[in-house]
Amino acid sequence: MYWGFIFLRESAAPKWLIVLVAIVWGVGGVAALYWIFNWIVERMGDPWRARLQPFVFVGPAAAMLLWFLAIPVLRTFWLSLFGRDGPPRDWLNWSDLGGSFAALGERFVGLDNYVAVFTDRLMREAFRNNIMWIVFGATLTVIFGLLIAVLADRSRFERLGKSAIFLPMAISFVGAGVIWNFIYEVRPVDGQQIGLLNALVVAAGGNPQPFPAWTDIAPWNNLFLIVIVIWLQTGYAMVLFSAALKGIPADLMEAGRVDGANEVQIFFRIMVPYIMGTIITVSTTVVIFTLKIFDVVWVMTGGQFGTDVIATQFYRQSFTARNSGYGSAIAIVLLIAIVPVMIYNLRQFREQEAF
Amino acid sequence: MGSLQRQRRFGSLVVNGALLLIVLFWTVPTIGLFVSSFRSREAIQSSGWWNILPHRAFEIVGEPLDPDELGLDATGPMAIGGGETTFEEMREGYRAPDGRYYVWIGNRRNGRIEVQEQNWTVDWDFSLANYQQVLAGKDFEYTRADGTVEVIPGDDFVSAFLNSLAVAVPATVIPILVAAFAAYGFAWMRFPGRRLLFIIVVALLVVPLQLALVPILGDFRGLEINGTFLAMWLAHTGFGLPLATYLLFNYISGLPRETLESAFIDGASHFTVFRRLILPLSVPALASFAIFQFLWVWNDYLVALIFLGGNPESKVITQRLADIVGSRGNDWHLLTAGAFITMLLPLIVFFSLQRFFVRGLLAGSVKG
Chain R
1 MYWGFIFLRE SAAPKWLIVL VAIVWGVGGV AALYWIFNWI VERMGDPWRA RLQPFVFVGP
61 AAAMLLWFLA IPVLRTFWLS LFGRDGPPRD WLNWSDLGGS FAALGERFVG LDNYVAVFTD
121 RLMREAFRNN IMWIVFGATL TVIFGLLIAV LADRSRFERL GKSAIFLPMA ISFVGAGVIW
181 NFIYEVRPVD GQQIGLLNAL VVAAGGNPQP FPAWTDIAPW NNLFLIVIVI WLQTGYAMVL
241 FSAALKGIPA DLMEAGRVDG ANEVQIFFRI MVPYIMGTII TVSTTVVIFT LKIFDVVWVM
301 TGGQFGTDVI ATQFYRQSFT ARNSGYGSAI AIVLLIAIVP VMIYNLRQFR EQEAF
Chain X
356 MGSLQRQRRF GSLVVNGALL LIVLFWTVPT IGLFVSSFRS REAIQSSGWW NILPHRAFEI
416 VGEPLDPDEL GLDATGPMAI GGGETTFEEM REGYRAPDGR YYVWIGNRRN GRIEVQEQNW
476 TVDWDFSLAN YQQVLAGKDF EYTRADGTVE VIPGDDFVSA FLNSLAVAVP ATVIPILVAA
536 FAAYGFAWMR FPGRRLLFII VVALLVVPLQ LALVPILGDF RGLEINGTFL AMWLAHTGFG
596 LPLATYLLFN YISGLPRETL ESAFIDGASH FTVFRRLILP LSVPALASFA IFQFLWVWND
656 YLVALIFLGG NPESKVITQR LADIVGSRGN DWHLLTAGAF ITMLLPLIVF FSLQRFFVRG
716 LLAGSVKG
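Sequences listed follow chains R and X, in order. For the first sequence, this note's numbering assigns the number 1 to the initial residue and increments by one for each residue that follows. For the second sequence, this note's numbering assigns the number 356 to the initial residue and increments by one for each residue that follows.
Derived by calculation from the structure, the hints in this document are not laboratory data. Think of the CB as a built atom: it goes at the ideal place given N, C-alpha and C, for glycine as much as any other residue. Certain hints may be false.
[Stated by the list, open to error] Distance condition first, Cα-Cα at most 20 Å in a straight line; then the derived EDC-like pairs of lysine to aspartate or glutamate:
(1) LYS15(R) / GLU668(X)
(2) LYS246(R) / ASP153(R)
(3) LYS246(R) / GLU263(R)
(4) LYS15(R) / ASP511(X)
(5) LYS246(R) / GLU158(R)
[To be verified] Residues from chain R that face chain X, not an exhaustive set, calculated with beta carbons under 7 Å:
(6) VAL19
(7) LEU65
(8) PRO72
(9) SER155
(10) ALA164
(11) VAL178
(12) ILE183
(13) MET253
(14) ILE338
Full structure from sequences and hints, please.
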C-alpha cells in the first residue's frame, strides 16, 4: 500500500500510467482492506466473530462519517470561539493545567466572531444576497420545474423536452459560468456584439452593458447569476414533479373535468394538493442548495460588485484571509440555518419505523 | 362536439408551443458554446455565433470601379448608386439608395471604388483548431490582418482531464463500496449502537461540507497528503457517504428475506452473501448512486480548490477551466473548447444512463 502511495507522489512516469495505477491502487486497496479484515475476523472463534463482524462491515463507514462530518462540526464550533489564529497548538499540558488554560484564554474570544458575522457590512451584504438567491432562485426553480413538468406531461414531445431541460444538470458550475459569461459578454458600442444578451439589447436599440459588473444596480446584478442556477437546477425539480404528477390517479382528474373544472382549477385544486409532499421536498432541497451556493459566484465575479454570498465569504475568510475563527463562525451560522431541515428529516425517519 | 375538439387542438397547440419555447431558451446557451468552440478565434471575436444561421451581410461584388470611367471627380460631390456623396464620406463607406455599399480605396487621385452588395449568407467555417490548442498546451501563432504575428499560448487540458479521471473514478467507487458494506451491516446484522449510528447518517445528510473544510485541511497537512489524489478520495468519500449509505440501505433492506436466509442455511458467511448475492442484486441502486457521485465529483470545484489547490501538477479540469476564466477571460476560443471538454464525459454518462440517474434523484431527494 505504502509503495503505491510513494509511486504516485514521486513518480515521473507518463501521466496516463500514473492515473491508471492510482485508480487500481485506490479502488483495489479499499477492497483488499475489507477482505483482509474479514479474513482475520472469520479466523476467530465463534463468539468473537459474531461480535466483531458487524464492525468490519459498518466500522469503516462510521469512522469516515465521524472523521469527515460529525467531528468537524464540533471542531469548527470550537475554532469559531477563537481569534484568527485559532487555539494554541497542543495547548493541553496535563502537568500544568493552569498554564494551559491561561494560554487558551488569551486567544479565546467567546462569541465575538458571531457578533462580527451579524454586524459586518460585507456579511450583511452576503446575507441579503443569499436571501435574494432564495427568494428568486429557489422560488423560480420550483415554479419553472412544476410548470415544465405539467406542460411536458401533456405534450407529444415529453421525452425530448425533459431531456433538454434536464441536460444542464450534467454541466459543472464552472462550465455553466463560461456558458453564461459568453452570453453576457460585452463589446464596445461601435463593434459587433458577440454576447447574445448584448446583441439583443443593441438590436432593441439599447446600449451594450457589462452585465455582472453592473455596480450601479447592485443588488439587482445578482439576478444575472441567479438565472444561471435556475437554468441548472430546474431539471432536478422537473424530474421529481414529473414523477409525482404521474402518480395522480387519472379518474381523479377526470372527475374534476366532469364536474366542469377548467385546467387552471384542476391544477390548483387537484394537482398541487396531491403532490404537496414532493413540492415541500423539492423546495427544501433547492433552498439548502441555494444557501450553500459558491462555485457560480466565485467563478463569475469572485464575490465582487456586491455579489458576495455566505459561502464565498466563508471561503475568503477561512482560506484567503486565513482568519479561521471568523470563517468557522460563518460556517456554523450556515449549519444553524439548515438545522430545521435536519430535524424534519429525523422526524420523518422516526415516523417511517423502517428501522 | 366540434367546438370541443377545436378547443382540445388549440390547447395542445398552446402546450406544445410553450414547451418548445422553454426548451429553446434552455438549450440556446449550450448550443452557442458548442457552435463557438468550432469557430476560428477571429470569427468568435468579431461576430456572434448566430451568424451560422442565414443572415444578410455585405459582400464585395466584382472588380473595383474606376472613378474616371464613371466620370467622377473626387474633389467635389459625386453621383453614384442613385445618390450623391463626397470623397470623405465614401472613404468611410457610403450606403447608396440602391442598397449597395460604396467604399473608396486608395488616395484621392488614383483610387478605386469597391462595391459591396447585401446578400444572404452563412458563416460556416468550422475547424477543430480550438480543441488542438486547448489540449496540446503549446504556443500558437496568429497572423493579424495587418500582417504582424501574434503568439498565443494554448492550454494543457489533457493532463487536467487525466487528473479528473484519477480523482473521479476512485472517488466514485470507494464510497459505493464502503457504503454498500455499511448498508448491508445496518440491514442484516445486529450490533450495539446500530440505531444511533444510522440516526447520525440521516442527520449528516444535510450538513454542508463547508463545516468540514478547515479541520480536515489541518488533518491532511498533518498527514502530509495535501494536494494528492488520496486526499481527494478520502474527502469525497467522507462527504458522499451519508447519501450513499442512506440510499443503499433503503434498497438493500428491501431485498427479499428468503433469498438470503436460504443462503445462510447453506452455510454461507456474511461476506460471501454480500459478495455473491447482495452486490449483484443491488446493481440498479449502485448504478444510480454511481452516476450521481461521478457527476458530483467530476463537476466539483470547491473541494478540489481546497485539497488540491497547492499542487499545480494534479489540478483537475474544473480548476483548469476556472483558471483560464480568471486569467484569460477574453480568449474565447480556449474557453469555449475547454468548457466543452469538461462537459464531454458528464454528457456521455448522462445520456447513456439517464434512466438510472433519474431513479437516483427520485430516491435521494433528501440530500442537501
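Do the hints match the structure? See the list:
{"no.": "1", "hint": "LYS15(R) / GLU668(X)", "verdict": "holds (10 Å)"}
{"no.": "2", "hint": "LYS246(R) / ASP153(R)", "verdict": "holds (8 Å)"}
{"no.": "3", "hint": "LYS246(R) / GLU263(R)", "verdict": "holds (16 Å)"}
{"no.": "4", "hint": "LYS15(R) / ASP511(X)", "verdict": "holds (12 Å)"}
{"no.": "5", "hint": "LYS246(R) / GLU158(R)", "verdict": "holds (13 Å)"}
{"no.": "6", "hint": "VAL19", "verdict": "holds (4 Å)"}
{"no.": "7", "hint": "LEU65", "verdict": "holds (6 Å)"}
{"no.": "8", "hint": "PRO72", "verdict": "holds (4 Å)"}
{"no.": "9", "hint": "SER155", "verdict": "holds (5 Å)"}
{"no.": "10", "hint": "ALA164", "verdict": "holds (5 Å)"}
{"no.": "11", "hint": "VAL178", "verdict": "holds (4 Å)"}
{"no.": "12", "hint": "ILE183", "verdict": "holds (6 Å)"}
{"no.": "13", "hint": "MET253", "verdict": "violated (14 Å)"}
{"no.": "14", "hint": "ILE338", "verdict": "holds (5 Å)"}
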